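With the hints as extra help, turn the sequences into a complete structure.
Protein chains in written order, with this note's numbering: chain A, 8 to 432; chain B, 303 to 465.
Where hints are given, some of them may not hold.
[As the list claims (entries may be wrong)] Here are the simulated distance ranges between beta carbons:
| hint | chain 1 | residue 1 | chain 2 | residue 2 | range |
| --- | --- | --- | --- | --- | --- |
| 1 | B | Gly413 | A | Asn431 | 23 to 33 Å |
| 2 | A | Ala304 | B | Cys416 | 31 to 41 Å |
| 3 | B | Gln331 | A | Glu380 | 51 to 61 Å |
[Claimed, not checked] List of simulated lysine-lysine pairs, DSSO-like, C-alpha gap at most 30 Å:
| hint | chain 1 | residue 1 | chain 2 | residue 2 |
| --- | --- | --- | --- | --- |
| 4 | A | Lys141 | B | Lys381 |
| 5 | A | Lys42 | A | Lys79 |
| 6 | A | Lys193 | B | Lys323 |
| 7 | A | Lys141 | B | Lys424 |
| 8 | B | Lys322 | A | Lys83 |
| 9 | B | Lys459 | B | Lys410 |
| 10 | A | Lys415 | A | Lys287 |
| 11 | A | Lys85 | B | Lys323 |
| 12 | A | Lys287 | A | Lys428 |
| 13 | B | Lys459 | A | Lys259 |
| 14 | A | Lys141 | B | Lys322 |
| 15 | A | Lys41 | A | Lys141 |
| 16 | B | Lys385 | B | Lys311 |
| 17 | A | Lys21 | B | Lys459 |
| 18 | B | Lys385 | B | Lys322 |
| 19 | B | Lys424 | B | Lys410 |
| 20 | B | Lys381 | A | Lys193 |
| 21 | A | Lys83 | B | Lys323 |
| 22 | B | Lys310 | A | Lys193 |
| 23 | A | Lys158 | B | Lys323 |
| 24 | B | Lys323 | A | Lys141 |
| 25 | A | Lys259 | A | Lys33 |
| 26 | B | Lys410 | A | Lys428 |
| 27 | B | Lys311 | B | Lys424 |
| 28 | A | Lys193 | B | Lys322 |
| 29 | B | Lys311 | A | Lys158 |
| 30 | A | Lys158 | A | Lys83 |
| 31 | A | Lys141 | B | Lys459 |
| 32 | A | Lys238 | A | Lys259 |
| 33 | A | Lys318 | A | Lys258 |
| 34 | B | Lys311 | B | Lys322 |
| 35 | B | Lys411 | A | Lys428 |
| 36 | A | Lys258 | A | Lys287 |
| 37 | A | Lys141 | B | Lys410 |
| 38 | B | Lys411 | A | Lys193 |
| 39 | B | Lys459 | A | Lys258 |
| 40 | B | Lys323 | A | Lys41 |
Simulated from the structure, these hints should not be mistaken for laboratory data. This structure is a prediction, so every number in the text was calculated from the model and none was measured. C-beta atoms are modelled at their ideal positions from N, C-alpha and C, and glycine is treated no differently.
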Amino acid sequence: MTQANETLFIQHFKESSRPLSYYLEKMNGYTAAKKALVMPQDDIINEVKKSNLRGRGGAGFPTGMKWGFIPKQSAKPKYLVCNADESEPGTFKDRDLMRYTPHLLIEGMMIGGYAIGANTGYIYIRGEYTREAKLLNEAIQEAYNNGYLGKNIMGTGFNFDLTVHRGAGAYICGEETALLNSLEGKRGEPRVKPPFPAQAGAFGGPTIVNNVETLTSVPFIINHGGEWFSKLGKLEKSGGSRLFGISGHVKKPGLYELPAGGATLRQLIYDYAGGILGDKKLKAVIPGGSSAPVLTADEIDVVLDIEPMMKIGTMLGSAAIMVVSEDYCVVKLLTRISKFYAHESCGQCTPCREGTRWMEDILHRIEHGHGHEQDIQMLLDISNNINGRTLCALGDAAAGPVMSFVKKFRADFEAHIRGGKCPNA
Amino acid sequence: MTNSEVGKKLLSQKFYDEMKKLEPRYPTQVALLLPALHAAQDEHGWLSPEVMDEVAAYIGIHSAQVREVASFYTMYNLKPVGKYHLKVCTNVACCLRGAEELVEHVEKKYGIHCGETTHDRKFTLMEEECLGACGTAPAMMLNNDYHENLSVEQLDKILDGLE
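The following block contains the structure:
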């Protein structure tokens with residue numbers, strides 16, 4: 008086990024952390040906002056740039072740079088929207104941030120809103136998180152009652168209103184422009200870009216969309232400085248510590264907070280999460296939410312950060328790691344993943360709408376022993392024809408797993424086709 | 303609106319009061335559509351054509367626009383569901399921890415397939431995509447509540463305790 012690291016969040020993940028009183032006493036609650044709301048806006052953005060905070064939702068885009076895209080002057084109101092859709096399979100960190108440390112999110116949003124010149128914020132939370140939405144609403148009410156939201160916050164002259172907006176069951180609403188359409192009362196279909204949200208986002212106004220964990224990192228940056236935050240990260244380009252969610256066939260699934268780049272995938276699986284269930288052999292790891300290309304057991308000495316993962320052809324994504332042991336059929340696994348993307352395709356782009364369904368059908372027949380020799384090539388052709396040819400990243404997300412599973416576990420697919428059944432069955 | 307129209311309303315005064323409170327939160331009336339559909343479904347258990355018409359009238363849009371949006375999202379029930387709506391997550395992390403057994407168990411126990419409701423309208427079973435509870439898989443929703451780290455035995459205990 009590596010030595011203990013400084014953690015920002017995880018020690019507060021308990022029911023008793025939720026009230027405002029705990030936040031004020033134990034977490035320096037609202038001191039960052041008090042400091043930030045009298046700073047020049049550019050100074051805040053620069054501090055966030057210095058911190059090397061990168062979006063925790065999956066794309067890893069530098070947060071300070073994103074905030075810098077917002078035009079200073081705008082005829083239309085600006086908006087800060089928190090993406091709390093948390094729909095990428097394997098991801099379950101934002102739920103704990105919202106249910107245990109809701110005021111951290113409120114404070115982060117207030118600071119972000121001030122920095123970009125927005126007086127209105129929305130938390131777009133996935134519809135299934137009914138309890139978390141209720142708890143957030145209670146915390147928001149508490150903040151209003153104590154002068155931390157609303158008009159003239161803490162006497163600074165800054166006004167900020169915050170509203171929880173519930174989704175209603177659609178993976179695609181984690182895509183930021185689909186989310187904005189859903190916020191506006193429409194079908195959650197991604198928009199054509201440009202214009203990007205920073206120019207024309209929610210209700211036509213300049214809008215920043217940030218993930219929950221991204222925004223909850225902001226108060227720490229203001230209180231301790233961008234440089235301090237940056238140094239929490241172990242590699243040059245990524246600051247802070249972050250929440251890694253590990254699930255599947257490990258002995259101790261759950262959340263682990265580690266410095267960005269502070270451990271290898273092997274350490275996370277074996278040292279932190281206790282190794283594989285039943286001490287079986289590792290077969291595969293899906294390392295960044297189900298959209299991330301799969302890794303084999305030989306590829307887990309990679310450092311858990313954005314660039315090292317990209318270098319080996321996968322992605323850290325939302326730091327959601329799903330572990331698969333030797334006795335689980337990878338063909339079945341990929342079939343399930345493909346079913347998900349076929350179900351969640353919004354249907355706007357033909358390659359994604361049709362292709363995801365075809366891939367699911369082909370995989371289904373391979374899994375059940377009715378596949379043909381040419382099916383493997385057909386899967387690769389279809390995924391190649393989806394990849395990069397859709398309005399949003401769902402197409403790539405559907406293609407990546409197929410391409411990587413087929414490439415890395417080709418023998419398993421061939422065994423199903425030639426043997427007419429699953430060799431493990 | 304006239305009194306006779308009020309008399310015919312399917313949605314309660316509580317619904318309208320709740321919406322009234324939300325109105326200043328959004329720059330457009332249409333943005334209230336998702337919250338309105340949630341609130342309407344909370345009252346009726348599902349979104350009947352008549353309820354959707356009333357939501358359309360409240361928002362000030364065409365009924366077709368309400369249906370267009372409602373049909374996009376899986377949480378809006380466009381047909382009636384049972385008193386207890388079981389949504390078992392069968393996405394990757396839950397499948398790796400035995401979700402399929404849970405589904406099969408419920409199917410056998412109540413003699414229904416996924417997507418069906420028992421004859422007494424007590425139970426509806428559905429397969430759900432990722433619920434965001436992967437660290438505590440397998441997970442399911444029972445109406446609005448999460449149940450996590452489930453085994454077949456625990457599931458039985460929960461189900462048998464329902465009235």
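Cross-check of the supplied hints:
no.: 1; hint: B:Gly413 with A:Asn431: 23 to 33 Å; in the structure: holds, 30 Å
no.: 2; hint: A:Ala304 with B:Cys416: 31 to 41 Å; in the structure: holds, 33 Å
no.: 3; hint: B:Gln331 with A:Glu380: 51 to 61 Å; in the structure: holds, 57 Å
no.: 4; hint: A:Lys141 with B:Lys381; in the structure: holds, 26 Å
no.: 5; hint: A:Lys42 with A:Lys79; in the structure: holds, 21 Å
no.: 6; hint: A:Lys193 with B:Lys323; in the structure: holds, 21 Å
no.: 7; hint: A:Lys141 with B:Lys424; in the structure: holds, 26 Å
no.: 8; hint: B:Lys322 with A:Lys83; in the structure: holds, 24 Å
no.: 9; hint: B:Lys459 with B:Lys410; in the structure: holds, 16 Å
no.: 10; hint: A:Lys415 with A:Lys287; in the structure: holds, 20 Å
no.: 11; hint: A:Lys85 with B:Lys323; in the structure: holds, 22 Å
no.: 12; hint: A:Lys287 with A:Lys428; in the structure: holds, 23 Å
no.: 13; hint: B:Lys459 with A:Lys259; in the structure: holds, 25 Å
no.: 14; hint: A:Lys141 with B:Lys322; in the structure: holds, 18 Å
no.: 15; hint: A:Lys41 with A:Lys141; in the structure: holds, 26 Å
no.: 16; hint: B:Lys385 with B:Lys311; in the structure: holds, 23 Å
no.: 17; hint: A:Lys21 with B:Lys459; in the structure: holds, 26 Å
no.: 18; hint: B:Lys385 with B:Lys322; in the structure: holds, 29 Å
no.: 19; hint: B:Lys424 with B:Lys410; in the structure: holds, 15 Å
no.: 20; hint: B:Lys381 with A:Lys193; in the structure: holds, 21 Å
no.: 21; hint: A:Lys83 with B:Lys323; in the structure: holds, 23 Å
no.: 22; hint: B:Lys310 with A:Lys193; in the structure: holds, 28 Å
no.: 23; hint: A:Lys158 with B:Lys323; in the structure: holds, 18 Å
no.: 24; hint: B:Lys323 with A:Lys141; in the structure: holds, 16 Å
no.: 25; hint: A:Lys259 with A:Lys33; in the structure: holds, 28 Å
no.: 26; hint: B:Lys410 with A:Lys428; in the structure: holds, 25 Å
no.: 27; hint: B:Lys311 with B:Lys424; in the structure: holds, 27 Å
no.: 28; hint: A:Lys193 with B:Lys322; in the structure: holds, 20 Å
no.: 29; hint: B:Lys311 with A:Lys158; in the structure: violated, 37 Å
no.: 30; hint: A:Lys158 with A:Lys83; in the structure: holds, 20 Å
no.: 31; hint: A:Lys141 with B:Lys459; in the structure: holds, 27 Å
no.: 32; hint: A:Lys238 with A:Lys259; in the structure: holds, 28 Å
no.: 33; hint: A:Lys318 with A:Lys258; in the structure: holds, 29 Å
no.: 34; hint: B:Lys311 with B:Lys322; in the structure: holds, 16 Å
no.: 35; hint: B:Lys411 with A:Lys428; in the structure: holds, 29 Å
no.: 36; hint: A:Lys258 with A:Lys287; in the structure: holds, 11 Å
no.: 37; hint: A:Lys141 with B:Lys410; in the structure: violated, 35 Å
no.: 38; hint: B:Lys411 with A:Lys193; in the structure: violated, 39 Å
no.: 39; hint: B:Lys459 with A:Lys258; in the structure: holds, 25 Å
no.: 40; hint: B:Lys323 with A:Lys41; in the structure: holds, 29 Å
Checked against the numbered hints above, the structure violates hints 29, 37 and 38; every other hint is satisfied.
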